[in-house]
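**Q** Chains as they are written, first to last, in the numbering used here: chain A, 324 to 514; chain E, 208 to 464.
As a list, the in silico DSS-like pairs of lysine-lysine whose alpha-carbon atoms are at most 27 Å apart: (1) E:K459 - A:K489; (2) E:K458 - A:K489; (3) E:K244 - E:K227.
What the simulated footprint calls covered on chain A by chain E, stretch by stretch (three residues with Cβ under 8 Å from a Cβ of chain E suffice, anywhere in the stretch; the number is not a length): (4) 335 to 342; (5) 391 to 399.
No wet-lab data here; the hints were simulated from the structure.
Ideal placement from N, C-alpha and C gives every residue a C-beta, glycine not left out.
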Amino acid sequence: MNGLILLALSLAALLAEHYLAGPAMDAPGFLAGEKGLRRGAVSGLVTALVVLVSAAALWALERFVLVPVELEVLAPAARLGLAWLLVWLTRLVAEGLLPRLGGLLEGYLPFVTANGFLVLSVLGGAGGAGFGAYLLRALLYVLGFWAASLLAPAMLCRLEEAEPPKAFRGLPLALLTAALAVMAALAFYGM
Amino acid sequence: MKQTPEKKEKSGWWLALRAKLPGQVKGFFGKVSGRLKGAALACGRWFKAAFALPGREAGSLLVRGLLLRDPIAAVSAALCAVLPVTARLDRGVAAAVAALAVLLLADLITALAGKKLTVPLRGLCRAAAVVLLGCGAAALTALWFPGLAEGMELVMAVLAAAALFAAYADGEPDGPAAGRAVMTALGRGLGFGWVVILVACLRELLGAGTLWGATLFGGAVPVLLLAAPCGGLFLLALGAAAGRVLRRLGKKGGEPQ
Chain A
324 MNGLILLALS LAALLAEHYL AGPAMDAPGF LAGEKGLRRG AVSGLVTALV
374 VLVSAAALWA LERFVLVPVE LEVLAPAARL GLAWLLVWLT RLVAEGLLPR
424 LGGLLEGYLP FVTANGFLVL SVLGGAGGAG FGAYLLRALL YVLGFWAASL
474 LAPAMLCRLE EAEPPKAFRG LPLALLTAAL AVMAALAFYG M
Chain E
208 MKQTPEKKEK SGWWLALRAK LPGQVKGFFG KVSGRLKGAA LACGRWFKAA
258 FALPGREAGS LLVRGLLLRD PIAAVSAALC AVLPVTARLD RGVAAAVAAL
308 AVLLLADLIT ALAGKKLTVP LRGLCRAAAV VLLGCGAAAL TALWFPGLAE
358 GMELVMAVLA AAALFAAYAD GEPDGPAAGR AVMTALGRGL GFGWVVILVA
408 CLRELLGAGT LWGATLFGGA VPVLLLAAPC GGLFLLALGA AAGRVLRRLG
458 KKGGEPQ
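Only chain A is shown next, with the shape it has when bound in the complex:
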């Protein structure tokens, strides 16, 4: 069921960022228009990278520091710190080496941090799992998030052509479509 929660949470996060947080942060249209799909794919990939590296570091941190000193309760703070640090490192690298990537993500890095942190939170701690098993689980979660970050802009692209009743224009229709996508994924899990 965690995979389904991840898909629903990822879609809800991407749509809420696009419709609600983006305009308030002077970064509107995160996933809209022609650039939306490209931006969704690239930000999804950056998030995936951040989550994978963080998961590897978190496994080591949990195994060698947090569990021996019985401070597992601080794992969420470690997840947040790592996600933030890696995103800002990515920004520095992008500004210096890949200016096109930097330009594409300009203003949207807080979203990448938040999404990375959310995926890491759904992934949770290793709980005694081995490094390979934990990293494989992280890889599957990352693929799920990446699929959601491709699905959301594609969905918005199609919705632009729709003519729904006034009350459903924008966020309500996008949420309804996301609900249908999650319902389709529910078929793989069963009720």
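Use these hints to put chain E onto chain A, whose structure you have.
**A** Below, chain E without anything else, positioned relative to chain A:
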């Protein structure tokens, strides 16, 4: 005749002490009370500078959060609606109460400590405060109400993710930062709370046929889909559309004839 014992003559230092002591004690207490008065006045001035908000501004901040016009409250509520915690009313209420306390404390701490930080760092500090206080809230819930603690960690993660945006959305703090932070957090917490409780109520009632664990409609078949994560998205979509219709009706009603 009985002889009365002669009174002992008092020494000079004792007499001098008795003469000086009242003045010295009075002076000491005068000094202390003066210092205390000064400290109280300074505290009052600081409190006024940090917290005093015109009633109108405080009210507008509260209403903004309550009506989900604050994007951060809306984002947190939207993300929380898909989590398993909103599939049961008791867990929804616990999440709403914990979120209100965590948001209030985290925003107050950040406003008092992080005035000079840049926006991204302020966002990180606020999110870190939410995460750390959230860990505490989850631990306390697990201790006092073990049945309600499940999923609390994810609620706090959602609040922390939204807190990362809050520093960008709020912009540079001006005026009494702590007062604004308290009223904004109160509005956000209450706005988040009523949405989460309403969604939890509907998801439990329609998805499981119960409310707070009690069966209400004996023979009715529950809509299991609403208890799943997609149920939260369905309810959010309908709620957002209903809110839009209500707002439009309110505007029409308010227009002069």
